[in-house]
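Engineer: Here's the letter readout for the chains.
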Amino acid sequence: MASKKFLYINRKPPHGTIYAQESLEVVLIGAAFEQDVSLAFVDDGVYQLLRDQDTSAIGSKNFAPTFGALGDYDVSKIYVERESLELRGLTKDDLMPLTYEDEDDDWAEKDSIRVVGSEELAEILEQQDVLLNF
Amino acid sequence: MPVLHIINKSPYERNSLDTCLRLARDGAAILLIEDGIYAARKNATDAEKMNSALEKHKIFALEPDLQARGIDAKDTIDGISLVDYDGFVELATEYDKLQSWL
Chain A
1 MASKKFLYIN RKPPHGTIYA QESLEVVLIG AAFEQDVSLA FVDDGVYQLL RDQDTSAIGS
61 KNFAPTFGAL GDYDVSKIYV ERESLELRGL TKDDLMPLTY EDEDDDWAEK DSIRVVGSEE
121 LAEILEQQDV LLNF
Chain B
135 MPVLHIINKS PYERNSLDTC LRLARDGAAI LLIEDGIYAA RKNATDAEKM NSALEKHKIF
195 ALEPDLQARG IDAKDTIDGI SLVDYDGFVE LATEYDKLQS WL
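Chains as they are written, first to last, in our numbering: chain A, 1 to 134; chain B, 135 to 236.
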């Protein structure tokens, strides 16, 4: 089966609704079926990647550490829209570090997160076969 | 054909239309359905934004949703084309990708 390019577009903050957690589940399923999976974080979706999330006092699952496993599923393209970060007073340093091991480069550890401007993200969006929204 | 963007939320409640306009490339089309059709009103405060969007994009609105919400076709922004359900289906087949903003 030929693989398709899937882009998961995440625009909601992490804990107020189930969208973010469900997205991550579906991303892992797509990756397990060896599809070409990328993620985009836009608008409030950028809050999903903030460091130091601790849900112990609100009694819900802290799924943020699962983002750290994406690299092991060969999900290495994580795009964060620069305009969304800037509007919220955030920089890449506020986000959790996410890495993957590049098999084409002697398994060197590389950064999965790429901060991209909206024009570049628009182009990435157009190159996909399937767009899924959360 | 490029992307058909579908907006189903009021621009006064959600930012999906703004984000769509930021991330839609020239030539992409936009279809307003459900509460998204409020963006098609001529006298809306956002009308200026829609007029400049019309320079880059074809914009459509689903007429049954306008009708249901009491918005007359003549009160929609010039340049926005109204489609019925058949037109919706036709658009969905014409464009090779659909982006349904939440």
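Hints listed in this document are in silico derivations from the structure and should not be mistaken for laboratory results.
Mixed in with the good hints, there may be bad ones.
Cross-link-like lysine-lysine pairs, in silico, BS3-like; alpha carbons within 27 Å at most [stated by the list, open to error]:
#1 B:K231 - B:K183
#2 B:K208 - A:K12
#3 A:K4 - B:K231
Engineer: Which constraints among the numbered hints does this structure fail? Numbers only, ascending.
Structural biologist: 2
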